[in-house]
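K.L.:
For reference, the chains in residue letters:
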Amino acid sequence: MNPLKLAQARPGPAFTVTFDGRELVALPGRTVAATLWASGVTSWRTTRGEGRPRGVFCGIGVCYDCLVTVNGRPNQRACVVPVHPGDAIRTQQGTGHDD
Amino acid sequence: MRLTCDVVVIGAGMAGAACALYASRAGLDVVVVDRGPVAGGTTGAGEGNLLVSDKEPGPELELALLSGRLWTGLAGELGDRIEYEPKGGVVVAADPEGLAALERFAAGQRAAGVTAENVGADQLHELEPHLAPGLAGGVRYPQDAQVMPTLAAAHLVRASGARLSTGRTVTGVLRGASGAVRGVRTDHGEIHAPAVVNAAGTWGGEVAALAGVHLPVLPRRGFVLVTEPLPPRVRHKVYAADYVADVASDSATLQTSPVVEGTAAGPVLIGASRERVGFDRSFSLPPVRALAAGATRLFPFLSGVRAMRTYLGFRPYLPDRLPAIGPDPRVPGLLHACGHEGAGIGLATGTGQLIAQVLSGKSPELDLTPFRPERFGEETV
Amino acid sequence: MTDASRPETSPRLAVIGAGPAGLAATLAAARHGLRVTLVDAAPEAGGQFYRQPAAGLGARRPQALHHRWRDWERLRDGLDRHITAGLVVHLRDHHVWCVTRRRSGFTVHALLGPEQERPAEVRADAVLLATGGYEKVLPFPGWTLPGVVTAGGAQAMLKGGLVLPGRTAVVAGTGPLLLPVATGLAAAGAQVAALVDSADPRAFVRRSPALAAQPAKLAEGARHAARLLRHGVPTLVHHTVVEAHGDQRLEAATVAALDTAGRVRPDTRRRIGCDTLAVGHGMLPHTDLAEGLGCRIDGVAVHVDDEQRTDVPGVWAAGEATGVGGAVLALAEGHIAGRSAAARLSGREPDPRGWAGADRARAGLRRFAAAMDDAYAPPAHWAEQVTDDTVVCRCEEVTGGAVRRAVTELGAGDVRTVKLLTRAGMGWCQGRMCGTAVAGLAGCPETAARRPFARPVPLGVLARAGSADDEQ
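Chains as they are written, first to last, in the numbering used here: chain D, 1 to 99; chain B, 1001 to 1381; chain P, 2001 to 2472.
So that you can see chain D by itself, here it is in the shape it has in the complex:
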């Protein structure tokens, strides 16, 4: 069993996005976080202080732990932002802003 099968999903056509330059398959409607989870990726940010890896925590847009850079725009909540074909998702370091 998997979640798509359980909900009898017939997703629209898959497309590709990149994560740190690597191509990933994405399904329409999924968030950045769901897309990364589906590809086995669980962290996409390193913290400002200790440089520790982080990913989804609250999953509903409250904790801001899943911040990520999408198409050059930093501090996007991966659990809220949907993916679009060709999105360039990058691991976010520190504040996400260039020094």
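One or more of the hints may lead you astray.
What the hints assert, rightly or not - 20 Å max Cα-Cα, derived SDA-like pairs, lysine to any residue:
1) D:Lys5 / P:Gly2056
2) D:Lys5 / D:Gly40
3) D:Lys5 / P:His2067
4) D:Lys5 / P:His2231
5) P:Lys2217 / P:Gly2357
6) D:Lys5 / P:Gly2189
Everything labelled a hint here was simulated from the structure, so no lab data went into it.
Since this is a predicted model, take the numbers as computed values, not measurements.
Dock chains B and P against the given chain D, drawing on the hints supplied.
P.N.:
Positioned in the frame of chain D, the structure of chains B and P alone reads:
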């Protein structure tokens, strides 16, 4: 519980902490008492400005210069823990008329001992690369500095070695047969001492009333904005020249010419608005909107930066805009150290030093006449 | 805005939040004479409880992930009907950051879309706050590792994205959410290695009268328990997670039994291999918008009267924002709030007999929620598990030791002063994730924090926000 000591300091904010530190270092046994936690009032809602740049020549500027020297001294022992940053201030003017007025103001300050360097329009962006284009010029004030006010208050109290008694409300000032102070009554027993320092900030008028004297401290509300964490982009304390006019203003209406600055922790601080609305703690959009508008005018890149929070505090001011510092001749043994409005963090060290000098029988190094607490009349409460 | 059946002059209510409370309120208010603007952050109505799979995923059987599906169908169909009739406007992807009072009426300030950079302002004569809640998680060593998620977060990702966090999950903490999360993950194909609940089964027996008065709720619990058995999920009651292990991501969790005092029994520690740890310790209400409007907050919840009115005229509140009690209670509260608002905004004194059924349900479910809340308490000595080097504030990476030092060495006595001294709670989440833990470590009661901005707002937006209101 009954305690005996040399001095009771009422208020564990920045002023109380500085009084405790310098009094302890003068050899006195000090108890600091506060109804809330450390820095629970105006200190915890402040920005931590240590400014000389916004002060015209006169007693407040002298106090600011003394305080600045003392902060520099404290930075040696506590600097990192209180996030002391001698970053300097940059005041900018939008047009030639504004610049001319600013430069005249700076010339007067220089004569009073302030270091102030005129900065041409072409040099402004070397100092602050992200400033808006088209400004007429500015003045750089290397003596302006910053601390994190809550950390500063907490670490000064700790460094003082004074006994700290938080969550304890002073309910009365004890006086002997001669009328002289002999301590305070609190909701957890009395504390006996021959001297009491009123460092209750915005609530200093209430403490004065407990001793039976009139001190008309009033609140002025200020909002501060805090952004998301950023890499260092704003290097100095930066504000527009009209801030000086705002600070000196007697107007009751909203004024906002915000000071914009980066912090060691990453966020940019924008503050503060100034409004006379009593102790109204409710959120109000117009002052916060005006802060945002002022900050984005100075630094256009901030438009896309997110404000994460805003907080408000009540700055204590007295009718003539000077603090009350020194002994109160109406009640022997009572001293005041309050009413510094939005400058209390910066002026705290000098205030504490002067109070300590009075307490230990020395002649204070600044003339306290302009700050004398009885100057508003003898009206008893 | 066109309104086929109601004049432009009829009062407009802004309902904030399209979960069970907000939907029930919207339907009741629209049916009884108001025009409603339903403002919600999600792309689809439903809130967290009825979170829908993204449309692009083409789920033909979303009910496989849900409970009480018929309630949802009724709400959804009612909403559609009212929208078609022009009585309700549903504003999706509107992230509300503040609600302000005007001379007459209110302005709802929102940011549009997932990027939240462009503003939208919605005006209404009154507002109804159905802002819901979020999950409370108490810290333990390793809880910041990727793979450790909130129980509700695992469920939200499953319901909305049809995706699992990993292959092998441990579900842990306390509260009524853990059971449906464990069964949901198992049904979707995850191996649930254990359901670990710190609640003491004896606590439920002690509170049995209040619980037995809600047979439908108990039956729901029994159905979840049967599903757990079917999926072969081992349940460890009166146990707690002691530590999460891993370097770059979660590899295992150590769990242990609790003694009668609620302390970990070290001899019972055992390590369970897992790549997912879904953890939760109950829920907290979203009170920011209410607090910003000046509404009275009791503890951590918005105070309301029998009609679900706050103490600020023109502001109603319903659902988890007024105290956590689940979706069915939220429906009853939302209904009452919508009816009350409809009557009062039309200048009528409402007749509570009109909502007697909802009133009875509300009373019983609130008693049930209080009993559940007692029974599902976190371990009494959870703070002992927070070592001095455990990160407590996830955003600013403030440790348990730093929080303790602020109290013992620097004179902090409350959450706010700890925050100012340590930065705990100053980060992106503004203390929503660490507030409970900081209060617990500092030994002070938890209270609702002041957050005039319910979410971060670009300064460029703030610089113009509400300027049209001042020109009125």
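K.L.:
None of the hints should be skipped; say for each whether it holds.
P.N.:
Against the structure, the hints come out as follows:
no., hint, in the structure
1, D:Lys5 / P:Gly2056, "holds (15 Å)"
2, D:Lys5 / D:Gly40, "holds (18 Å)"
3, D:Lys5 / P:His2067, "holds (18 Å)"
4, D:Lys5 / P:His2231, "holds (17 Å)"
5, P:Lys2217 / P:Gly2357, "holds (17 Å)"
6, D:Lys5 / P:Gly2189, "holds (10 Å)"
The structure fails none of the hints (numbered hints given earlier).
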